[in-house]
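**Q** One-letter residues, chain by chain:
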Amino acid sequence: MNLPRLPEQRPLEAELHALVDNRLAPRRAAEVAAWLAENPEEAARVHDWRAQKEALHGAFDKLLEQPVPDRLRQAAQRRAMPRLAAAVAWLSLGLLVGFFAHDLPDQTDKSALAASLPRQAAIAHALYSPEVRHPVEVEATQEAHLVQWLSKRLGHELAIPRLGAQGFELVGGRLLPDEAGPAAQFMYQNAQGLRLTLYVRVASASGGETAFRYASEGSVGVFYWLDGPFGYALSGEMPRARLLGVAEAVYRELNR
Amino acid sequence: MYMHDLIEHLPRLRRYARALTGDRFAADDLVQDTLERALSRFSLFRRGSKLDAWLLTIMHNLFVNQLRAQAARPPNDPIDELFEEPAVRATQGDALAMHDLENSLAQLPPDQREVLLLVTLEELSYEDAARILGIPVGTVMSRLSRARERLRDLLSGAAPAAAHLKVVK
Chain A
7 MNLPRLPEQR PLEAELHALV DNRLAPRRAA EVAAWLAENP EEAARVHDWR AQKEALHGAF
67 DKLLEQPVPD RLRQAAQRRA MPRLAAAVAW LSLGLLVGFF AHDLPDQTDK SALAASLPRQ
127 AAIAHALYSP EVRHPVEVEA TQEAHLVQWL SKRLGHELAI PRLGAQGFEL VGGRLLPDEA
187 GPAAQFMYQN AQGLRLTLYV RVASASGGET AFRYASEGSV GVFYWLDGPF GYALSGEMPR
247 ARLLGVAEAV YRELNR
Chain B
31 MYMHDLIEHL PRLRRYARAL TGDRFAADDL VQDTLERALS RFSLFRRGSK LDAWLLTIMH
91 NLFVNQLRAQ AARPPNDPID ELFEEPAVRA TQGDALAMHD LENSLAQLPP DQREVLLLVT
151 LEELSYEDAA RILGIPVGTV MSRLSRARER LRDLLSGAAP AAAHLKVVK
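Protein chains in written order, with our numbering: chain A, 7 to 262; chain B, 31 to 199.
Isolated chain A, as found in the complex (with noise of 0.2 Å):
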């Protein structure tokens, strides 16, 4: 510590900001320190540079603490998912269903629609269940006009199955297109907010039924089935095994 030094050269300009930003290397700091010791005037400009730094912090920081004002909360949550990004995918993918819908010879139809239920679904269920203002077209308190409207479109009688015994009520629900058809959206939503969609299509006039199965699109999970006419798709966003309970529900309430 007591050794003689050498006359050090004077530090970059640009060193001594970076010694206030803490970018300087350990080694090197402490040699601009140790030249600041020595060059008073220096060392007051770097001292003020600090204190600035620590008064904006004290003016400033106590923003972090403050709640966040509720239009800007809603601002953040319009969306979950890019809404122009979803609605080009969803395009491209009808274009390319209907591509090979139109290429392929009937039998493959039915399986390539079965194929798509679930991906449409989810990106049915990503586009609008984020929506603050108008996240369905007719509301619940129109229940009567909604099915009526719905079954009238898609062709087959409609039902809405009531999930209020698994904690969810429904909001409403929408027409959509489908390279199926026109499709039917439900929304559902529980007392924290979480958002369900049940998306109904006509998968085959002949009729069929299968098992529940399961994909996944992002953090959007989907159970989907064929039942009578209807393909039917739940999608939320929510741990797998509780989207099942909700769906078998679905499928009790339609099959009563």
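Be aware that one or more of the hints could be misleading.
[As the list claims (entries may be wrong)] Straight-line C-alpha distance at most 20 Å; calculated EDC-like pairs for lysine to aspartate or glutamate:
| # | chain 1 | residue 1 | chain 2 | residue 2 |
| --- | --- | --- | --- | --- |
| 1 | A | LYS68 | B | GLU153 |
| 2 | A | LYS59 | B | GLU157 |
| 3 | A | LYS68 | B | ASP58 |
| 4 | A | LYS68 | B | ASP59 |
| 5 | A | LYS68 | B | GLU152 |
| 6 | A | LYS59 | B | ASP158 |
| 7 | A | LYS68 | B | GLU179 |
| 8 | A | LYS59 | B | GLU179 |
| 9 | A | LYS59 | B | GLU152 |
Because the hints were derived from the structure by calculation, they are not lab data.
For chain A, the structure is supplied; the task is to place chain B on it using the hints.
**A** Same frame as chain A, but now just chain B:
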């Protein structure tokens, strides 16, 4: 990008916007505009890149556009609200020191203020600050140097309360 990611960044965005604009309402408007633009341009966000840096880049662009649009109008005076939300344990001296700080900050040219805040308040690296502002690192350093010297002059000549800023623990 999920909603909790964005919400996580809200407090920091608000802090930066508040220091940048010097006005509580203008700051939250800027944050809201930033969120809306981020959501509408989500497809341009590259996975694996830093969400906070991306959001700050959007905010910077919006801020610059605002400055251009407001060029004809006088800047907002940030004094009033300083006394609306005093720090909990603030003594009169502290409040005055803060007043001086915010006033002095408002007097920095916006391009210097941005660099100073990104580096000191947000504690970003010089490289990240350069990317956000779309300028070379050398320009970040020169603006930082000018900002710190200017702020030093402003604060030392501002008021006796500026002495508070020289107390370093």
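**Q** Now, for every hint given, state plainly whether the structure supports it.
**A** Structure-based check of all given hints:
For the hint pairing LYS68/A with GLU153/B, the CA-to-CA distance comes to about 16 Å; that is within 20 Å, so the pair holds. Distance restraint check for LYS59/A and GLU157/B: the Cα-Cα separation of roughly 19 Å lies within the 20 Å cut-off, and the hinted pair is therefore satisfied. Restraint check for LYS68/A and ASP58/B: the C-alpha separation of about 15 Å stays at or below 20 Å, so the hint holds. At roughly 19 Å between alpha-carbon atoms, LYS68/A and ASP59/B fall within 20 Å of each other, so this suggested pair holds.
Of the supplied pair hints, the one linking LYS68/A and GLU152/B holds, its CA atoms being roughly 14 Å apart against a limit of 20 Å. Restraint check for LYS59/A and ASP158/B: the C-alpha separation of about 18 Å stays at or below 20 Å, so the hint holds. In summary, the hint linking LYS68/A to GLU179/B is not supported, as the alpha carbons are separated by about 26 Å, beyond the 20 Å threshold. For the hint pairing LYS59/A with GLU179/B, the CA-to-CA distance comes to about 13 Å; that is within 20 Å, so the pair holds.
For the proposed pair LYS59/A and GLU152/B, the alpha carbon gap of about 10 Å is at most 20 Å, so the pair holds.
Consistency with the previously given hints fails for number 7 only.
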